[in-house]
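Chains A and B supply the protein sequences, listed in that same order.
Heads up: the first sequence at position 222 corresponds to 222 in this note's numbering, and the numbers run straight through without jumps.
Heads up: the second sequence at position 285 corresponds to 285 in this note's numbering, and the numbers run straight through without jumps.
Honestly, the hints are just simulated from the structure, not real lab data.
Careful: at least some of the hints might be erroneous.
[Claimed, not checked] With a cut-off of at most 20 Å between alpha-carbon atoms, the simulated DMTMM-like pairs for lysine to aspartate or glutamate come out as follows:
| id | chain 1 | residue 1 | chain 2 | residue 2 |
| --- | --- | --- | --- | --- |
| 1 | B | K322 | B | E212 |
| 2 | B | K343 | B | E248 |
| 3 | B | K78 | B | E117 |
| 4 | B | K326 | A | D123 |
| 5 | A | K105 | B | E249 |
| 6 | B | K343 | B | E232 |
| 7 | B | K154 | B | E184 |
| 8 | B | K322 | B | E240 |
| 9 | B | K326 | B | E384 |
| 10 | A | K229 | A | E162 |
| 11 | B | K343 | B | D320 |
| 12 | A | K105 | B | E384 |
| 13 | B | K78 | B | E130 |
| 14 | A | K218 | B | D514 |
| 15 | B | K78 | B | E248 |
| 16 | A | K105 | B | D394 |
| 17 | B | K370 | B | D262 |
| 18 | B | K326 | B | E249 |
| 19 | A | K105 | B | E400 |
| 20 | A | K105 | B | E369 |
| 21 | B | K370 | A | D123 |
| 22 | B | K322 | B | D367 |
| 23 | B | K326 | B | D262 |
| 24 | A | K218 | A | E250 |
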Amino acid sequence: MGSKAAALRLHVASALAAHVASPFVYRDRPTVETVPAGIGPVDVLTGGFPRGSLTEIYGPVCSGRTSLLISALASRTAASEVCALVDARDAFDPASAEAAGVKLKHLLWVRCRSVDQALRSTDLLIQGGGFGLIALDFGDTPAQAVRYVPLQVWFRFRRAVESTPTVLVVLEQESNAKSCASLVLQLRMQEVRWSQAYGAAGKNPLHHSPGYLLEGSKSHAEMIRSRAKREGDRLIQQEVFMHSGSNGVEFETEVIPGMHSLKGGPGQR
Amino acid sequence: MRFASIFVPNFMLQAVLRTEPALCECALALVDGNPPLCSVVAINEKAARAGVELGMTKMNAAQFAGLQMRPRSQLQEKIAHAVLLDIGWAVSPRIEDTTQDTIVLDLSGLTHLFGEEKDIGAHLAQRSSECGLFSNVAIASNVDTTRIAARGFKGITVIPPRQESKCLGELPVSVLCPSVETVETLSRWGVHTCAAFADLPVLQLSERLGQEGVRLHALARGATSRSLAIAEPSHSFEEEMELDDPVEELDPASFLLGRLLDQLCARLAARSLAAASLRVRFELQPFFENALDVHAETVHRASPPGVYENELQLPIPVRDSKMLLKLLRLRLQSSPPGAPIRKIVLQAESARPRATQGGLFLPSFPDPEKLELTIARIANVVGEGNIGSPSLIDSYRPGEFQMRRFLAPLEAAGAGRKRGSVAPPEGEQKSVQSSMSFRIFRPPVPATLELHAERPVRVAFQGLRGQVLTASGPWRTSGDWWREDPWQQDEWDLEIHFQSPSNGRNAGAAGHPDCGLYRFYYDVLRGSWFVRGIYD
Chain A
1 MGSKAAALRL HVASALAAHV ASPFVYRDRP TVETVPAGIG PVDVLTGGFP RGSLTEIYGP
61 VCSGRTSLLI SALASRTAAS EVCALVDARD AFDPASAEAA GVKLKHLLWV RCRSVDQALR
121 STDLLIQGGG FGLIALDFGD TPAQAVRYVP LQVWFRFRRA VESTPTVLVV LEQESNAKSC
181 ASLVLQLRMQ EVRWSQAYGA AGKNPLHHSP GYLLEGSKSH AEMIRSRAKR EGDRLIQQEV
241 FMHSGSNGVE FETEVIPGMH SLKGGPGQR
Chain B
1 MRFASIFVPN FMLQAVLRTE PALCECALAL VDGNPPLCSV VAINEKAARA GVELGMTKMN
61 AAQFAGLQMR PRSQLQEKIA HAVLLDIGWA VSPRIEDTTQ DTIVLDLSGL THLFGEEKDI
121 GAHLAQRSSE CGLFSNVAIA SNVDTTRIAA RGFKGITVIP PRQESKCLGE LPVSVLCPSV
181 ETVETLSRWG VHTCAAFADL PVLQLSERLG QEGVRLHALA RGATSRSLAI AEPSHSFEEE
241 MELDDPVEEL DPASFLLGRL LDQLCARLAA RSLAAASLRV RFELQPFFEN ALDVHAETVH
301 RASPPGVYEN ELQLPIPVRD SKMLLKLLRL RLQSSPPGAP IRKIVLQAES ARPRATQGGL
361 FLPSFPDPEK LELTIARIAN VVGEGNIGSP SLIDSYRPGE FQMRRFLAPL EAAGAGRKRG
421 SVAPPEGEQK SVQSSMSFRI FRPPVPATLE LHAERPVRVA FQGLRGQVLT ASGPWRTSGD
481 WWREDPWQQD EWDLEIHFQS PSNGRNAGAA GHPDCGLYRF YYDVLRGSWF VRGIYD
């Protein structure tokens with residue numbers, strides 16, 4: 001069967017040789033338009049978050065998921081785009097987000113109390129259109145609750161955003177969107193950085209010196225899937241998901257100076 | 001100078017028909033007066049053909065089969081008059097509010113905008129019919145002639161300069177609005193038309209009819225000369241509707257609101273304006289006042305009993321009636337009136353419509369009108385106060401912020417994005433820090449901490465137990481001691497290694513990692529520990 005198909009392909013290719021060089025090869029695949037995630041190593045790894053697609057960021061708590069999301073929001077709002085954050089558990093901290101560079105005036109924040117509210121709000125926002133980035137934050141929602149979200153919801157989201165310039169980012173503890181996501185990133189925490197050496201007091205130290213200060217954390221981001229394939233200086237769309245376990249980078253995030261005494265209001269910093 | 005006049009014949013009837021257009025098809029009579037002395041004050045052509053006469057009592061009129069009777073509505077007449085003024089202001093800035101059914105416009109310079117005078121007349125008549133008022137339009141060289149011609153001639157009439165006397169000649173004397181005694185006198189003389197009246201000598205007329213005779217004589221010849229008494233344009237638009245039967249459900253109320261909004265938006269469009277805010281006011285059935293009071297206390301304290309009020313502040317001026325109806329419906333769904341509606345009042349504050357120039361290389365923004373609808377729909381799902389733009393306030397109290405109404409920025413400050421680029425623009429990357437973000441627990445989670453030498457060593461919260469690996473703190477903050485709700489807290493950043501729970505499952509499987517970086521605080525005033533949030 002396979003050899004017959006190959007022979008047929010060869011016959012068609014030879015018949016069209018005078019007109020088309022390689023009739024079974026896609027000559028012009030659509031270019032994937034991406035936006036920077038705001039964290040250099042992640043941008044280098046992924047090429048940025050694709051527009052008109054669903055991007056999934058997942059990992060356990062403290063893995064740097066929110067930092068990556070906030071960086072992406074800061075990047076988009078810095079480019080004067082309007083973004084929306086659907087916060088399924090009302091966990092967004094405006095003070096630290098503003099300190100991280102998010103223009104709060106460009107951010108529409110939807111504070112939900114349930115998964116259902118978050119999904120309906122996201123649906124309405126996608127239908128409304130015009131947003132540069134829509135983030136659906138299930139970061140604190142129990143993984144079991146998000147697991148119950150029917151697959152057709154993710155398919156609907158994917159279909160709804162695919163012809164728009166909107167980046168749809170979903171933050172979760174586990175990957176749920178399956179093949180509906182064009183880019184899937186898994187994050188995990190590598191280490192927490194303190195102002196003094198972590199290992200100085202042994203393997204399981206109790207660092208109770210008053211001199212310890214939180215400096216930041218180091219996270220590992222692994223690209224689980226991507227629909228984009230790098231070709232020269234551009235990303236092109238490919239039908240088959242890339243699946244590799246060696247696509248990982250480490251990135252560091254730094255604690256915001258004066259984190260314990262952040263104050264809002266114009267002209268305060 | 002040239003003037004135009006718009007006259008709405010049978011004004012009382014047209015004011016009612018404007019809100020109930022279905023009545024055009026049947027014989028209609030308006031009745032007025034105190035029962036039982038109600039009499040017919042206006043009738044349409046079909047009613048006249050059926051034999052109904054003005055002045056007939058309501059009891060007599062009720063004997064005509066198929067005759068629809070409606071009470072005269074001064075409210076609708078007031079609104080119809082406002083509509084008439086709006087039609088005038090849509091064409092000329094200088095108009096005179098002559099009577100309730102007549103306005104006069106100054107046409108100076110309008111031929112450059114609308115073409116010939118006949119075209120201006122046609123334009124006025126068309127606008128008038130679009131607003132539900134079928135009117136006569138007359139154009140002449142003086143104010144009084146145009147007013148009289150509009151009352152006397154049907155349709156559009158253009159009187160050339162110095163032809164006033166000739167044109168008005170065929171009209172009956174009654175169009176000059178003489179007093180009853182003068183009409184009787186002229187009738188005895190056999191003077192029935194303006195031409196016959198204009199032929200009378202002025203001096204003798206003055207001797208017999210006095211100053212009124214002289215004034216009417218000048219009117220009949222089209223020889224008066226006076227300037228317009230200019231009316232000031234209003235920026236508030238109001239539409240009202242009284243209901244015969246109170247409406248309980250939202251759907252039929254929406255239907256009526258839609259009709260009023262259509263009329264309101266047509267008036268706004270006629271003036272090239274849009275609604276900046278919309279105020280809806282319902283007068284409710286008195287039987288339900290008690291039930292309403294409970295609701296009014298929580299939602300609309302300012303409203304008097306039996307009245308429901310709600311205001312829709314629009315981020316940009318809108319005059320799309322469908323859009324306004326959707327927004328209004330969503331608002332009414334979230335805070336319903338709570339009793340049957342017997343009167344609807346819609347009031348719009350006007351503003352200039354938004355004019356923006358888009359750009360191919362500018363970032364896309366949500367369409368402000370669509371965004372407002374999206375926000376209203378989401379607010380219906382999550383609650384009014386749970387959607388908006390966060391704004392920090394001038395306070396060191398942890399977690400202090402306020403939600404503001406989200407307004408899409410209309411101007412694009414940034415440059416256009418580069419399509420299809422892999423690497424982000426350099427400037428964009430530099431402007432963003434890789435900062436550690438924080439997730440807040442709302443409300444804070446109560447926790448139990450074990451201290452050793454005044455420093456945390458073990459924690460327990462939400463069924464999780466862990467050992468503190470690294471602790472940084474305390475960060476002491478306090479404030480608002482002058483208020484009733486002061487705060488004083490010691491904050492700690494704790495890196496925690498979680499232990500396996502007693503049921504054998506490990507912490508990671510329960511949705512928590514083995515390690516975590518949390519912020520705890522000790523509320524000094526309450527003497528308790530809480531988890532504020534998590535670094536993520």
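These are the hints, each one checked on the structure:
A C-alpha spacing of about 53 Å is found between K322(B) and E212(B), which places the hinted pair above 20 Å, so the restraint is violated. A distance of roughly 12 Å separates the Cα atoms of K343(B) and E248(B); the hinted pair therefore holds under the 20 Å criterion. With a C-alpha separation of about 29 Å, the suggested pair K78(B) and E117(B) falls outside the 20 Å cut-off, and the hint is violated. In summary, the hint linking K326(B) to D123(A) is supported, as the alpha carbons are separated by about 18 Å, within the 20 Å threshold.
With a C-alpha separation of about 38 Å, the suggested pairing of K105(A) with E249(B) is violated against the 20 Å cut-off. Proposed proximity of K343(B) and E232(B) is contradicted: the alpha carbons are some 29 Å apart, above 20 Å. Distance check on the hinted pair: K154(B) and E184(B) sit about 26 Å apart at the alpha-carbon level, beyond 20 Å; violated. Between the alpha carbons of K322(B) and E240(B) the distance comes to roughly 18 Å, so the proposed pair stays at or under 20 Å and holds.
This hinted pair checks out: K326(B) and E384(B) have alpha carbons roughly 16 Å apart, not beyond 20 Å. In summary, the hint linking K229(A) to E162(A) is supported, as the alpha carbons are separated by about 17 Å, within the 20 Å threshold. Proximity of K343(B) to D320(B) is assessed by CA-CA distance (about 23 Å); at most 20 Å being required, the pair is judged violated. For the suggested pair K105(A) and E384(B), the alpha carbons sit about 18 Å apart, so the restraint of at most 20 Å is met.
Taking the CA atoms of K78(B) and E130(B), the gap is about 18 Å. The hint holds against a cut of 20 Å. A threshold of 20 Å between alpha carbons decides the hint, and for K218(A) with D514(B) the separation of about 16 Å falls inside it, so the pair holds. This hinted pair does not check out: K78(B) and E248(B) have alpha carbons roughly 27 Å apart, beyond 20 Å. For the given pair, K105(A) sits about 16 Å from D394(B) by alpha-carbon distance, which is consistent with the 20 Å threshold.
For the hint pairing K370(B) with D262(B), the CA-to-CA distance comes to about 19 Å; that is within 20 Å, so the pair holds. Distance hint between K326(B) and E249(B) is fulfilled; the C-alpha atoms sit about 16 Å from each other, no more than 20 Å. The suggested pairing of K105(A) with E400(B) holds, with an alpha-carbon distance near 16 Å, which does not exceed 20 Å. Using a Cα cut-off of 20 Å, the hinted pair K105(A) and E369(B) holds, with the two alpha carbons roughly 18 Å apart.
This hinted pair checks out: K370(B) and D123(A) have alpha carbons roughly 14 Å apart, not beyond 20 Å. Pair hint K322(B) plus D367(B) holds up; C-alpha atoms about 16 Å apart against a cutoff of 20 Å. Taking the CA atoms of K326(B) and D262(B), the gap is about 13 Å. The hint holds against a cut of 20 Å. Restraint check: the Cα-Cα separation between K218(A) and E250(A) comes to about 7 Å, which is no more than 20 Å; the hinted pair holds.
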